[in-house]
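Asks: As a plain string of letters, each chain reads:
There are 4 protein chains.
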Amino acid sequence: MVIVMGPEATGNDLASILALVEAAGVEAFVSRGVQRTIVGLVGDVTQLDQGNLRGMPGVRDVVRVSTPYKLVSRENHPERSTVHVGGVPIGPDTVTLIAGPCAVETPQQTLEAALMARKAGATLLRGGAFKPRTSPYAFQGLGEAGLRILAEVREETGLPVVTEVVDAHDVDLVASYADMLQVGTRNAQNFALLQAVGAAGRPVMLKRGMSATIEEWLMAAEYIAQRGNLDIVLCERGIRTFETATRNTLDVSAVPVAQRLSHLPVIVDPSHSGGHRDLVLPLTRAAIGAGADGVIIDVHAHPEQALVDGPQALVDGDLELLAGVMRDFPPLLGRTPAGTLTA
Amino acid sequence: MVIVMGPEATGNDLASILALVEAAGVEAFVSRGVQRTIVGLVGDVTQLDQGNLRGMPGVRDVVRVSTPYKLVSRENHPERSTVHVGGVPIGPDTVTLIAGPCAVETPQQTLEAALMARKAGATLLRGGAFKPRTSPYAFQGLGEAGLRILAEVREETGLPVVTEVVDAHDVDLVASYADMLQVGTRNAQNFALLQAVGAAGRPVMLKRGMSATIEEWLMAAEYIAQRGNLDIVLCERGIRTFETATRNTLDVSAVPVAQRLSHLPVIVDPSHSGGHRDLVLPLTRAAIGAGADGVIIDVHAHPEQALVDGPQALVDGDLELLAGVMRDFPPLLGRTPAGTLTA
Amino acid sequence: MVIVMGPEATGNDLASILALVEAAGVEAFVSRGVQRTIVGLVGDVTQLDQGNLRGMPGVRDVVRVSTPYKLVSRENHPERSTVHVGGVPIGPDTVTLIAGPCAVETPQQTLEAALMARKAGATLLRGGAFKPRTSPYAFQGLGEAGLRILAEVREETGLPVVTEVVDAHDVDLVASYADMLQVGTRNAQNFALLQAVGAAGRPVMLKRGMSATIEEWLMAAEYIAQRGNLDIVLCERGIRTFETATRNTLDVSAVPVAQRLSHLPVIVDPSHSGGHRDLVLPLTRAAIGAGADGVIIDVHAHPEQALVDGPQALVDGDLELLAGVMRDFPPLLGRTPAGTLTA
Amino acid sequence: MVIVMGPEATGNDLASILALVEAAGVEAFVSRGVQRTIVGLVGDVTQLDQGNLRGMPGVRDVVRVSTPYKLVSRENHPERSTVHVGGVPIGPDTVTLIAGPCAVETPQQTLEAALMARKAGATLLRGGAFKPRTSPYAFQGLGEAGLRILAEVREETGLPVVTEVVDAHDVDLVASYADMLQVGTRNAQNFALLQAVGAAGRPVMLKRGMSATIEEWLMAAEYIAQRGNLDIVLCERGIRTFETATRNTLDVSAVPVAQRLSHLPVIVDPSHSGGHRDLVLPLTRAAIGAGADGVIIDVHAHPEQALVDGPQALVDGDLELLAGVMRDFPPLLGRTPAGTLTA
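Residue numbers (my numbering), protein chains in the order written: chain U, 125 to 467; chain D, 125 to 467; chain R, 125 to 467; chain C, 125 to 467.
Incorrect hints may have been included.
The list treats identical chains as interchangeable, and a pair is accepted whether it falls inside one copy or across any two copies.
Claimed, not checked - Straight-line C-alpha distance at most 25 angstroms; calculated DMTMM-like pairs for lysine to aspartate or glutamate:
no.: 1; residue 1: Lys243; residue 2: Glu428
no.: 2; residue 1: Lys194; residue 2: Glu132
no.: 3; residue 1: Lys194; residue 2: Asp452
no.: 4; residue 1: Lys243; residue 2: Asp296
no.: 5; residue 1: Lys194; residue 2: Asp402
no.: 6; residue 1: Lys243; residue 2: Glu279
no.: 7; residue 1: Lys243; residue 2: Asp442
no.: 8; residue 1: Lys194; residue 2: Glu151
Keep in mind that the hints were calculated from the coordinates and are not lab data.
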């Protein structure tokens, strides 16, 4: 941590800072200039509150120079991690396709979507039984009945299941059906939920909050990791900006940035980022190009009848193109298409 | 709802739209132009999915023309509402001051802050026992012990208590101590929590999500209202923008806009918006000027020792100025300072 | 400036930094820790490129600790400045009302608007002869004919004229008619224009860029100041955010923040911020509450016929309310209403 | 255009609207509902001001349903365009690499960078002689001396030159040296400059404003097109958001969206988007994956000595990787690498 003091800071102001810092067992180095005095702190600064230091007399700024997350940081874990979901790897050597319906509606619709997913090269099935919706009047998902459908479709297709949990007290229930728990963008700072999934004994896919910085996203992952679960996959799904031409703005740069800061795998959701079918393939190629470890994509056999997010779901006619992308692009980045591993 | 079709739309495309719309019992009016065909829908469109319509062939855009929230809308309830918290009004005739410590730390600190609050004209006490923190390594609040402290301080000072709840399953516990439940910005779309506070039989203060549009904020309020609770106070607390000079960007225009769209009272949190003590008074005056029905402010006797958000808390020397603002500004807007009601 | 090096930095990496820094005549203080090494730089760092330092091996971050603007900074000029426009003060002791039509359309419309402005307490007349418009098909202003109208209306009303200039090569022309030159939000980083108005011998009103940080806004002012002109008034006019309910998001906190960082006066444009007539009075009161040194407001006798921005112009019926705000609020902040100075 | 009226609208309110609309020669279709009345306008609505209609009594909203740009729209020009710069194509069949130094500093540095660019597959040389800089104290470019250096390097390398112009009155000078004129992000709404480059008889590269919507970007292009110049290449270079981990947020979705709305070629600037060398290759691959018609990249032989933007320039060791990307990715999208056309 570095404390910056202005020209108005008195000797007493500096002495107060030094006393406080040294009481916390931290070593301080003072560089005195005419306009600014810089106090560099070396040691374990976790006991010092950056905000409170900033409020002290003479202090202009307090700058943190180390990362606030530890377990998910790449600094102490330089090797990038691979997370296995029902045996399927997500990590630096592969590009994994997760696909399925946005929401589970009926057994038949879910099975059709799962077969479409598999045809496109998916090795994991996505599908929502609990849906967080902006409007209380919108379809909120089938709940446990939806989880049962997902488990049946897993039986029939062999695809492990990724599904969202929205309430800390549903975590055990969802974990009893799912191979991977998803935490959605609206719950990216629902800390009770993060802690609960951290203790559930299942891999977790953590979507980025729609207005979360990359640092806040990694702090949310740290909440999960702190409960003993490091099987976390980060998912970039678009951030909120001034641009309204797309549902969200896919922050494709977040992929390499998060991979440099953290050892966790990073995947991309091109369906929810763009919000439109026509954008799914371009954004999938962009994601793989940026180095994503996988993508998660909505598919639906009859999107015009979908209860949730129909306009962004791929339809049957798109699958061959998607399969081609999943097969041809990963090798250019030295990766194995995950869909070929089971072959 | 209005459906806009492009020049490429065929007669069949239009017929499909009309069939679907009429099946939903909605009347359609068609205006045909060279570049665009406009289909105006009149009737109850809640059964029609805007997104799915947008995905149909020939459709360029689908525009909603009525508000998606009902119970909190001012359209069916033109009179602005007053919410009473332990007898204290928040509404169009007054300007209410809610003040207290950001976090409850000790009985003494909480009592000191409550006395400071009262001195400045506060008629409600704020204080957090459950604190949602970005870092898992930060102080998370005292939990139920904190709630007991708040109840004791209420006894001593007579100030009803406003406190945050962060987990749906703590709602009954918190409601058993608190006069008003607060839902924080990170939980602004935690729908399980919104529904739980809607059923708790206590007034609710709903902070705006840090990246929520005003419409999304009102939809979150609708979740609470739908469970039978219309004692909701909206709280603007700053939004996330590109500007980093302040902790958040206070969207002061949201006050008159939300008051025009909804009958619910709207207050402002100048402490968390600005994130700095020096900004609290200017932003308080700005909030009252914009027509806020109240403000909620952090105070702390020893902010340099505060466990949470010390730098934004007002200290003893600021209270007289705050009291002056709370006394002198409301009359200019035809309102009674809430602090004088008990005199 | 502070250079932060990571644990991977070698002795050679540090030595390279020190060599480069010392070659620039800057003193370096090194604080070595396990995770980070901090190099504090003391002296004139203007010769060092922050970006290039950041690109050197072992460097994690480079933090600037002094302000990059000098002439407009309050650090070397603690007293807040008053700028005089045709004898009318804008500064810390008053609250000045600048009003008039968004665009000059006809002599009669301009005169009517000027009389409305004066009735509301305005002491300066605004009006655009050169209009920067998003669409090339929209009305672009009357040009020099508009300037002549403004000069005539100044004759009739005694109100000095504030008007926009959009091209560096029109500066002399506009300055020959205007009492104050306005630089608009779209030209906030048109450096050729900033330099030209800096040399024109007229006070300048500098609108904030719609996505400019406060620091960038002050750097733009520094461009003007550097040409010898310190008669600059900063104007906050709303920034671009995700919220679409208002035309822009008025960043009311920018008023006290900019006043703390710079000695220049800061005013607010509530018309262009909100984009709607109903928001002008609430935002005017908010601006004065936040400490603004003035406001600039659109008025129009027949806004439904206005060629530009009709919906945000105040009409005759609003003027008495505005006059009341301009008279009653400033005294609460220890300021004289500018409109009473001429009385 | 669609006008939406609320339940409070009277018959007179509707009649006023209809009178105004019909006076403009536009046909109106009225759909009356209980909550809303919808007036669909069919015909040439360019004479109607959306804002003024919105200000009329009873009107809730006015929605534009056709695009405000004409010449650059794909609606009337379904075929995507190819722009030729000194004989080099930028368009749907190729992926063009434009590379060179951010700023021209010396003849030797420029030549070295041009040779690096060519080695990586570049067929066009970029380089700035006029540099718009946030600080007036930063290096502003060599001006005409820089243009002469660029012309000499073109002689030696055969690479046509792309260079920025920042002032309308320099357009002829710059056009006398350059093969393509660049308009930078800070001038994206400098309409005088846009009109001047529209009349200069040279292809133009138009960078997106850092807070411009895609629609505003296309309107800026329309300014150029309206002066008779349709040889315009759009360049996405990152937008301003809340995220500070990257210099800007590359809006990679803007590539397919702009290509759907406009027939103009769209390229990407991965150097300025990310602001860091390590991000250039991932973002280049992402851009090509999204369908970009080219990329523009900074290279510098000695970036630590660069006067502008050193940390984002590629160095010699990166070139082979870049050449590989430019060679291997385009064929997967059915495109020819532009660098092989001259072979």
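Asks: Taking the hints in turn, state whether each one holds.
Replies: Quick rundown of the hints versus the structure:
For the homomeric pair Lys243 and Glu428, the shortest alpha-carbon distance inside one copy (21 angstroms) is at most 25 angstroms, but the shortest distance between copies (50 angstroms) is not. Taking the closest pair of Cα atoms, Lys194 and Glu132 come within 25 angstroms of each other only across two copies (17 angstroms); inside a single copy the shortest separation is 36 angstroms, beyond that limit. Proximity of Lys194 and Asp452 under a CA criterion of 25 angstroms is satisfied in neither setting, with 36 angstroms inside one chain copy and 38 angstroms between copies. In this assembly of identical chains, Lys243 and Asp296 lie within 25 angstroms of each other by CA distance neither inside one copy nor across copies; the values are 31 angstroms within and 49 angstroms between.
For the identical chains of this complex, Lys194 and Asp402 are inter-copy neighbours only, at 23 angstroms across copies versus 39 angstroms inside a copy, given an alpha-carbon limit of 25 angstroms. In this homomeric assembly, Lys243 and Glu279 come within 25 angstroms of each other (Cα to Cα) only inside a single copy, at 17 angstroms, whereas the closest approach across copies is 54 angstroms. For the homomeric pair Lys243 and Asp442, the shortest alpha-carbon distance inside one copy (11 angstroms) is at most 25 angstroms, but the shortest distance between copies (38 angstroms) is not. Proximity of Lys194 and Glu151 under a CA criterion of 25 angstroms is satisfied intra-copy only: 21 angstroms inside one chain copy versus 33 angstroms between copies.
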